[in-house]
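Novice: Protein chains in written order, with this note's numbering: chain W, 701 to 845; chain G, 701 to 845; chain D, 701 to 845; chain R, 701 to 845.
Take the hints with a grain of salt, since some may be wrong.
No distinction is drawn between identical chains; accordingly, a pair holds when it is met within one copy or between any pair of copies.
What the hints assert, rightly or not - When the alpha-carbon atoms are kept at most 30 Å apart in a straight line, the in silico DSS-like pairs for lysine-lysine are as follows:
1. LYS723 x LYS844
2. LYS750 x LYS723
3. LYS750 x LYS838
4. LYS723 x LYS802
5. LYS838 x LYS723
Hints are computed from structural coordinates only; laboratory data are not their basis.
There are 4 protein chains.
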Amino acid sequence: MPDFLLEYIHTHRVRYRETDPMKIVYHTHYLDYFEVARTEALRSLGLPYKSLEDAGIIMPVVDLALNFRSPARYDDILEIRTVMTASPTITRVTFNYETRRKNETEILVTGHVTLCFIDVERNRPIRAPESFRNVLEKLFSAQKA
Amino acid sequence: MPDFLLEYIHTHRVRYRETDPMKIVYHTHYLDYFEVARTEALRSLGLPYKSLEDAGIIMPVVDLALNFRSPARYDDILEIRTVMTASPTITRVTFNYETRRKNETEILVTGHVTLCFIDVERNRPIRAPESFRNVLEKLFSAQKA
Amino acid sequence: MPDFLLEYIHTHRVRYRETDPMKIVYHTHYLDYFEVARTEALRSLGLPYKSLEDAGIIMPVVDLALNFRSPARYDDILEIRTVMTASPTITRVTFNYETRRKNETEILVTGHVTLCFIDVERNRPIRAPESFRNVLEKLFSAQKA
Amino acid sequence: MPDFLLEYIHTHRVRYRETDPMKIVYHTHYLDYFEVARTEALRSLGLPYKSLEDAGIIMPVVDLALNFRSPARYDDILEIRTVMTASPTITRVTFNYETRRKNETEILVTGHVTLCFIDVERNRPIRAPESFRNVLEKLFSAQKA
Chain W
701 MPDFLLEYIH
711 THRVRYRETD
721 PMKIVYHTHY
731 LDYFEVARTE
741 ALRSLGLPYK
751 SLEDAGIIMP
761 VVDLALNFRS
771 PARYDDILEI
781 RTVMTASPTI
791 TRVTFNYETR
801 RKNETEILVT
811 GHVTLCFIDV
821 ERNRPIRAPE
831 SFRNVLEKLF
841 SAQKA
Chain G
701 MPDFLLEYIH
711 THRVRYRETD
721 PMKIVYHTHY
731 LDYFEVARTE
741 ALRSLGLPYK
751 SLEDAGIIMP
761 VVDLALNFRS
771 PARYDDILEI
781 RTVMTASPTI
791 TRVTFNYETR
801 RKNETEILVT
811 GHVTLCFIDV
821 ERNRPIRAPE
831 SFRNVLEKLF
841 SAQKA
Chain D
701 MPDFLLEYIH
711 THRVRYRETD
721 PMKIVYHTHY
731 LDYFEVARTE
741 ALRSLGLPYK
751 SLEDAGIIMP
761 VVDLALNFRS
771 PARYDDILEI
781 RTVMTASPTI
791 TRVTFNYETR
801 RKNETEILVT
811 GHVTLCFIDV
821 ERNRPIRAPE
831 SFRNVLEKLF
841 SAQKA
Chain R
701 MPDFLLEYIH
711 THRVRYRETD
721 PMKIVYHTHY
731 LDYFEVARTE
741 ALRSLGLPYK
751 SLEDAGIIMP
761 VVDLALNFRS
771 PARYDDILEI
781 RTVMTASPTI
791 TRVTFNYETR
801 RKNETEILVT
811 GHVTLCFIDV
821 ERNRPIRAPE
831 SFRNVLEKLF
841 SAQKA
């Protein structure tokens, strides 16, 4: 099975505590925005992260990268476009991000975050649970059609 | 038994990410400094917080207050003076804090944080564990002598 | 003029990064929720904080207190009720907060944050700017009527 | 001129607020550790970041990447090895990081952060200031010798 695709737009207004003396968003906060974006993207699919944890599965971050093209500032309304892809066996999922100001085309910050699935009890990496895979497969079939 | 007393000085250099567009330390970060200060104060007594958690006891924050007199700035070296007191039955401990720049007398920020002891398994407030009480009683006896 | 009153409800879903190994919201994050709540409360009055800064006025925090009655957990939807009061001369404003889970009556966390107004150029405390006072006076008249 | 090289070891004890319900360090905090590591690395060269800002130069982050091999836990003492490199014209500097537990050889987290130099007044990227270049050149000559 090839890569799946989910697109989701998350909106965030920049908070005072997120800006630094350069009057721009301090670089680490984009990772906070991205956490919210992927949580809500999964929820929109009927896959709340909490239900994974309740089932004994956690999703630690494996790797990430961020590229800063232009700064965001206090009170800006940002739109974070999130595209989720998964490998055929779905042992990992990657969220790719693009950040823009609302109603603007310029890309400010891009990045990706890759997570894996860990069975807490055995402390071992596993494939995504069946419920998760079913949703992604349905999504992918719909995209092919 | 009356109140115990422990005094401890923690030193912290202000980090860039802790400052805001007013070029001063954003107010929440003092609580981070205070967490480190009380952790190290307890460790100096031979009471690492980790050993409490390993024994099934957690210490959630019950209440806190902060008073801001004068701002700290980027790269300032702060000294946080911590005084711990405990009620006679030691169901709660309170850490009182004073923040100054190193080698200066002016107090920048004061505050207190009060924590209680919770038995994780029963999810109920308890007295401090015996190991903890023993250390405090010895400390108090030494102060009276 | 007696105290003004503004009531505002801010909704926040608890994020993973805001929870600690006790699986509850780490205590400092309530101050982040409260910052957003007062920013949006002021915006709802037509008083975006950004317009103050653009006019050369900043509002540092003077003091704050938090009281923790019961913990919030990951993915909880919190409602933060904010009530703003101001002294007659409006040199300071205080925001009082109550935090509940959505559709529940139990209060989890209460607190207040008091801020003052500083003229950046002269680095001195001042009364709230006229635009700000006008809005509050209109609000207060409406409440008395 | 080829790449410069500075090696610096920064030590950090993992704080409670930095850990999440998985009882591991939440991924964004490594970027905080890395900020401290590079600040202290530059200070060790006689190049405090504050002196750059005082001279009207800021160093925003251009890009970064993190790779998570194994988790760090509460109260772990981490050693972050920092290697700085710079391009021949020194318009950008890159800090490469390796994180280990103290006295252990296993690498937990690696990453890099690249920063550029911006002249605040003209809001334009510039080469590193002369004072900065002089220190790096001296360092490089010493390494070649």
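Novice: Would you mind marking each hint as holding or not holding in the structure?
Specialist: Comparing the hints with the structure gives:
1. LYS723 x LYS844: Neither way: LYS723 and LYS844 sit 45 Å apart in one copy and 40 Å across, limit 30 Å.
2. LYS750 x LYS723: Between copies only: 12 Å across, 35 Å inside.
3. LYS750 x LYS838: So LYS750 and LYS838 pass the 30 Å test inside one copy only (21 Å; across, 45 Å).
4. LYS723 x LYS802: both (19 Å within a copy, 28 Å between copies)
5. LYS838 x LYS723: Cα proximity of LYS838 and LYS723: none, with 44 Å in one copy and 33 Å across.
In terms of the numbered hints stated before, the structure departs from hints 1, 5, listed from lowest to highest.
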